[in-house]
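Asks: Sequence:
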Amino acid sequence: MDQLPLGGFEPPARRRHRLFFALWPDATTRARIEAATVESMPLVRGSGRRLRPHRYHLTLRWLGDHPDAHTHVLDMATHAARRVRLAPFDLHLDLRGAFPSARVCWLGCRQAPAALPALRARLDEGLLGGPVRLKGATALVPHVTVLRDCVDPWPEGMLASPVAWRIERFVLLRSDLDAGHAYEEVAAWPLEG
Numbered sequence: 001m002d003q004l005p006l007g008g009f010e011p012p013a014r015r016r017h018r019l020f021f022a023l024w025p026d027a028t029t030r031a032r033i034e035a036a037t038v039e040s041m042p043l044v045r046g047s048g049r050r051l052r053p054h055r056y057h058l059t060l061r062w063l064g065d066h067p068d069a070h071t072h073v074l075d076m077a078t079h080a081a082r083r084v085r086l087a088p089f090d091l092h093l094d095l096r097g098a099f100p101s102a103r104v105c106w107l108g109c110r111q112a113p114a115a116l117p118a119l120r121a122r123l124d125e126g127l128l129g130g131p132v133r134l135k136g137a138t139a140l141v142p143h144v145t146v147l148r149d150c151v152d153p154w155p156e157g158m159l160a161s162p163v164a165w166r167i168e169r170f171v172l173l174r175s176d177l178d179a180g181h182a183y184e185e186v187a188a189w190p191l192e193g
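Anchor point for the sequence shown: position 42 equals 42 in the UniProt record's numbering, and the numbering is continuous, going up by one each time.
For the record, the hints were derived by calculation from the structure and aren't laboratory data.
All of these numbers come straight from a predicted model, not from anything done at the bench.
We treat Cβ as the ideally placed atom computed from N, Cα and C, and that holds for glycine.
Not one of these hints is a red herring.
Derived CB-CB ranges, DEER-like: (1) T71 to G46: 38 to 48 Å; (2) R85 to P42: 41 to 51 Å; (3) R110 to P42: 13 to 23 Å; (4) E185 to R85: 14 to 24 Å; (5) A118 to G46: 29 to 39 Å; (6) R45 to L128: 39 to 49 Å; (7) S47 to R169: 27 to 37 Å; (8) F99 to A27: 21 to 31 Å; (9) T78 to H54: 20 to 30 Å.
Whenever a hint applies, use it, and build me the whole structure from the sequences.
Replies: Here it is in structure tokens:
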């Protein structure tokens with residue numbers, strides 16, 4: 001016979017978090033991304049919801065969804081990040097694109113600098129053998145999502161005003177799945193070659 005829970009004595013609900021390594025632009029770069037988004041908005045043929053600039057980021061490696069008590073994942077992520085030795089580099093968002101099935105529009109790179117996949121590879125090397133299951137050999141498609149819920153997204157094309165972005169650090173972000181996906185910077189590491 002199953003025992004019924006006593007009112008008020010249930011264990012507290014565990015919050016769920018999404019963890020990922022990312023490039024997180026500074027305020028100046030965010031403003032440039034926002035300007036490029038606004039400039040491209042007339043190309044959206046249907047509806048779409050613009051993301052607020054404080055949500056802009058470029059995902060390097062998704063680490064999964066985890067409950068509150070995920071210190072083992074944080075420890076492994078910190079270990080991986082501390083092993084990265086790479087000089088700062090420049091990234092140019094010069095391409096407008098979309099993932100129609102996901103209903104998102106993004107700004108990305110026609111050609112990513114060699115340092116970008118190298119950064120991801122170094123993180124992956126540090127994560128091997130840990131509690132994080134890496135998704136096979138998924139290709140890195142460098143992009144910053146700027147619109148969601150796009151019924152008829154903008155066509156792929158070059159930006160009239162590319163966004164120059166100096167990459168001097170990378171971060172570990174936590175997205176609270178139970179609080180509207182609010183982002184929190186857990187830690188940041190400088191790029192030092």
